[in-house]
Amino acid sequence: MTAPLRIGFIPLVDAAALIVAVDKGFAAAEGLEVELVREVSWSNVRDKLNIGLFDAAHLLAPVAIASSLGLGHVKVPIAAPFNLGINGNAITVSPALHAALMEEIDGDRFDPLATAKALAKVVAKRRKAGADPLTFGMTFPFSTHNYQLRFWMAAAGVDPDEDVRLVVLPPPYMVDSLANGHVDAFCVGAPWNSVAVDLGIGHILHFVSDILERVAEKVLAVRQVWADKNPDVVASLVRAAVKAAEFIEQPENLAEATQLLARPERIGVDAEVIQRTLTGRLKISPDGTFRESGRYLLVGREGAGRPDPVQAAWLYAQMVRWGQTALSGEALKTAMAVFRPDLYDAALERVGDGHASPPFSAFAGPTFDPRDVAGYLASFAVGRRVP
Amino acid sequence: MSAEQSPKIVIVDESPIRAAILEEGLREAGFTQIVHIREMQSLLARIYAVDPDIILIDLENPSRDVLEAMFQVSRAVRRPIAMFVDQSDSSSIQASVEAGVSAYIVDGLKKERIKPILDLCVSRFNAFAKLQEELERTKSQLEDRKIIEKAKGILMKVKGLTEDEAYVLLRSTAMREKKKIGEIAQSIITASEMLK
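So the protein sequences, as listed, match chains A and B.
With my numbering applied, the first sequence corresponds to residues 1 to 387, in that order.
With my numbering applied, the second sequence corresponds to residues 1 to 196, in that order.
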């Protein structure tokens, strides 16, 4: 046994592979003793990982990149040897905004271009009437939620910095904020969208997989220097996480996995709500309408666990698009190097996992190619690029 | 320190006692402009209304992520916010994170003015943690005492011992079993309830 590892996490369903790796004994089977530490903010997770209070962490993929680039905070190079989740967020809107959007919509309500255009109309009407701009909650400046919301609305010409307000809200506050009208909508991970629907105060407008087919959501993050010093521990951690992810994706294990995740010291919500997320069958309206998607949250299937540097490049491109940093070839390289398929492969003693890097497709814009980030970004009308 | 020299400090903390301890420390050190925000809703708007130079927040507070938005370029942000120390000063970051507090500084404030505030935060937060620990300990000691009294009563009744003999028996058993006397007392109470 090596020294016990302290690993930080935020109570969200996409921490599933990490939690199950520890609580189902996959980590122990690898000779690892792990203490999972539940945290209340991404800033805390980031800081505690950066200064070494945590050995590893469940981390927003964009935060791992921002930390490696020194954006928004001190620069600490991060390595991500395992991808904890692909997709998994949803956009939930208040009943009032939902009604307004459905009144304006021209086309399929699950088509993000149709809803974005409807949003543009609602925004224009509100401006004309002198109403306050709509407010959207998201979880962190460097978050997929931020980028997914922006990508969606900007496709119909809604400027996320000028036409609406985007505010950061801690996930546990999202539902209350929607209920009391502090926000009109939010983009957040599970279980919070389902909680809002169950309370009758929200409609799930989109699964984020409607907007972008595949986005790296959370990673298992370690400090790069720590990974260099502890290659065997990293390999053990990856193997434990891979086994846990495979376990979770087996339908016959679903009940056991959700029980482990639901416990109060882990995610702490009803097992049934967690189950909905893992199976991708979500109640989307208070009236009981369900919607199912095989792409809602990928934990282990379709090669989700293997970090894909193209995903890192896309997230970096979003930071550039929205003015969080200027475009630089060097920074792009650094960002891509955060995602470490090599460490993943080394742990499993194989090269690749049979899944080629899937093309990056979205409902708007060209196919993303990390070799031409500038060209990709130039194709979007709305953005806030800094020179 | 005159009022115009004293930087404006906002304390974001849901614990009124800890905030009071911190505020008192800051005032003693000559900082006169201090505002305590306890309400987390519309936190950024509240902060912008005060327009502080320094924002202090406890790490138990999920709203810390809200403050991270202040780094971003946006209409809402009037003055840019920087992290509290520069890259080289990792010991300050470590000390404050361990103490459970984080500071956000408006860009342009000199480092030598920030350091004493941060040091004070760390020491006051640590003092508060110690205080809380003591409180917990006292509470559990009180709890233990009650349990021990009850266990003594059971031993006296069942085994016909005097109060002193009952206590000696509890203590020697605890020492032999390498357990706390409270734990032994609790197991006596549990056992006697089962045997009722």
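There may be inaccurate statements among the hints.
Said to hold, decoys possible - With a straight-line Cα cutoff of 25 Å, these simulated SDA-like cross-link-like pairs (lysine to any residue) come out:
| # | chain 1 | residue 1 | chain 2 | residue 2 |
| --- | --- | --- | --- | --- |
| 1 | B | Lys111 | A | Val74 |
| 2 | A | Lys48 | A | Thr334 |
| 3 | A | Lys48 | B | Met40 |
Honestly, the hints are just simulated from the structure, not real lab data.
Status of the hints after comparison with the structure:
1. Lys111(B) with Val74(A): 16 Å, holds
2. Lys48(A) with Thr334(A): Since the Cα atoms of Lys48(A) and Thr334(A) sit roughly 22 Å apart, the hinted pair holds (cutoff 25 Å).
3. Lys48(A) with Met40(B): Satisfied, since the Cα-Cα distance of roughly 23 Å is no more than 25 Å.
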